[in-house]
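Guided by the hints, dock chains B and C onto chain A, whose structure is given.
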Amino acid sequence: MGGLLRDAWVLARKDLALEVRTRTGIVSAVVFTALVLTVFNFGRDPTAVAVIDLAPSILWVTFTFAGVLSLNRAFQLELENQALEGLLVSPIDRRSLYLGKLCANLVFLLLVEAVGLPMFALFFNVAVLKVLLPLAGLIVLATVGFVAVGTLLSALVIRVRFAELMLPVLLLPFLIPPLIGAVQVTARLFSGRPLSEVVGWLKLLLAYDIVFVSLATLLFPATVDE
Amino acid sequence: MTLQSRGRWITASGLLFLAAVYVRAIWFTPVERLQGGAQKIFYLHAPAAWSTLLAMGLVGVASILYLLMKDERFDRFAAASAEVGTAFACVMLTTGPLWAKPIWGTWWTWDARLTLTLFLFFLFIGYQLLRGAIAEPGTRARFSAVLGIFGMVLVPFIHLSVYLFRTLHPQPIVLKPSAPSLPDSMLLTLLLSFLAFTMLYVGFVTQRYALGGAQSHVG
Amino acid sequence: MLWAEGVRHSFGAVPALEDVTFTLPAGHTLALFGPNGAGKTTLLKVLAGLIRPRAGRAGVAGGRGAIGWIGHQSLLYGQLTVRENLRFWGALYRVRPEVRESRLATLAGRLDLGPFLDRRVATLSRGQGQRAAVARALIHDPTVLLLDEPFTGLDRVAASELSELVRGFAGAGDGRATILVTHNVDEGTDLATDIGILKAGRLVELAPRGTRTAREVGERYRRAVS
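Protein chains in written order, with this note's numbering: chain A, 22 to 247; chain B, 654 to 872; chain C, 883 to 1108.
Treat the hints with care, as some may be off.
[Said to hold, decoys possible] Simulated restraints on C-beta separations:
(1) A:Asn-62 <-> B:Val-806: 35 to 43 angstroms
(2) A:Thr-68 <-> B:Val-806: 38 to 46 angstroms
(3) C:Asp-994 <-> B:Arg-726: 52 to 60 angstroms
[Claimed, not checked] Simulated coverage check for chain B against chain A, where a stretch passes if three residues somewhere in it have a Cβ under 8 angstroms from a Cβ of chain A:
(4) 664-671
(5) 697-705
(6) 797-803
(7) 807-816
Keep in mind the hints are simulated off the structure, nothing from the lab. Glycine included, each C-beta is placed from N, C-alpha and C at the ideal position.
In isolation and in its complexed conformation, chain A is listed as follows:
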């Protein structure tokens, strides 16, 4: 177990180092987030609907788009360098490959969200600071789920034609349950309602994370072994 995590950490560190070197990934994700938020703002009639009703959906749809966009890059990096062969020849457990990618993708996406949240608060004038701690916890919870399934599915599509189109088509049905949960909890947080109302959703998010991380770890070797 320890070996698994240690190897995963070595891999994640490498991916993050590569990301820091190239920097294009994080910049485009952040810019994309800003653009989506802008479109949402101009797409609505301020007099018709109060922003607070739409705000949770806007936040999470934005995060989902940015997430889907960033996920395809993970294994593309490996393929571009064609280092995947080297990773497979090495003695590491295949599952570490998944856990490493999961870790790197998680850090990446959380970083994008960390920049996106203040932008959102600014553009839509939402009082985020009051509920920052629970909101941050929710964001981590939901993002783990996104990244768990997304990392595995991106491994399925790298060898496939039209990978950039395939990934969203495959991934989005899986993201909807945690997405709904995230939106519901966020709505409660923004409106100052007690979290006890949405305990069911939080449990769903937690269960989703545990189930899908375990399932993906279990099944990932089947995607790389011939």
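The following block gives chains B and C in isolation, referenced to the frame of chain A:
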């Protein structure tokens, strides 16, 4: 008797049985008081949804078995089940609105079964797209198996999401599609319809499976 | 040291390897020749554990951790420096940091990596990249070296450098074994202790160098190729 022709027999019997069930439903089952004649589409609606769910469940099970035993017959079965599941999902997604319009005045309702079937439809489509995009049979089988298992595991989460959503936002519509207290004759019609659809599922999958086998021998 | 027993493999309906059986004892270097599509790369991949054959078994004493792999791709991350690459691969092979650093220094000396050790791999010339790739393959002190057409695209100087390295590896003590897949008949026969020919997935000839058979085999192949 070859598998293909056995499949055809089952499908034919299933269709005949279904026709009989419809005759029964239309003429020999009482009309539901509140919803009128349009309620009878329920006998098509509910079992089609059930067959779709069955199809997904079996795709998942076959996928697990394939990964464990690497027998390509399981892969063929999963592919057949997915195709049939897509067909049944389409039936459900077209009959659902047809029913919803006269009853509730809207074409689409986000009721539990319709929503679940919509998701299953997307999952099946994704599964078929993935299969279509991979040429090498071994890779295709492995990758689809992984996706199939994921799809199967997602289903309870969809159920749960819909349930939680509805408890939080109770729908104004009082009439539920699945009235639990059906009088005996209606219940019987419903059960017969389930049986007919299950037979159709078995028949279609058998045919598709046999066809898949023939294709892989030629190709 | 390495063995294959009744290995059979196919890609879909296309056969790749047919009943390949052989053993390579320690201290030996096998030069494997054969026309394109004969299955040479497939055989190496089966030995390295990248491909699980449809039938039969193959393996290497010491498992994957004992294999040094030099394939078509450099397996180096372009955006990281040579040093960072070596550190990463060393960590992945569980080489302890102190050992890693000293070995890095030794390899840098032996392969003359000094001038570009801290340059990004993407900026290196072909020859420099090749030397860095060899260092990567040797960082964990493997006992088995598998080389898949490593001479491709190398000029005479670089090719003879690589030959020296392989000779050095093989001669560095007992307990080493090497398989060299190559089209370069001269280099191959010079370095080899054993010669093998793979044709349409079958190991049609396998003989120690120096025997009449091996000489004939070498000549026949040379004639066929030229």
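Quick rundown of the hints versus the structure:
Restraint check, A:Asn-62 to B:Val-806: a C-beta distance of roughly 37 angstroms satisfies the suggested window 35 to 43 angstroms. One distance hint, 38 to 46 angstroms for the beta-carbon pair A:Thr-68 and B:Val-806, holds here, with the actual separation near 44 angstroms. For C:Asp-994 and B:Arg-726, the hinted distance range of 52 to 60 angstroms is satisfied, since their beta carbons lie about 57 angstroms from each other. Remark: the stretch 664-671 of chain B is not confirmed as covered by chain A, as 0 of its residues place a Cβ nearer than 8 angstroms to a Cβ of that chain, below the required three.
Restraint check on the stretch 697-705 of chain B versus chain A: 0 residues with Cβ-Cβ distances below 8 angstroms, three needed, restraint violated. Given a C-beta distance limit of less than 8 angstroms, the hint that chain A covers the stretch 797-803 of chain B holds, as 5 residues qualify and 3 suffice. Here's how the stretch 807-816 of chain B fares: 5 of its residues keep a CB closer than 8 angstroms to some CB of chain A, so the rule of at least three is met and the hint holds.
Checked against the numbered hints given earlier, the structure breaks hints 4 and 5 and satisfies all the rest.
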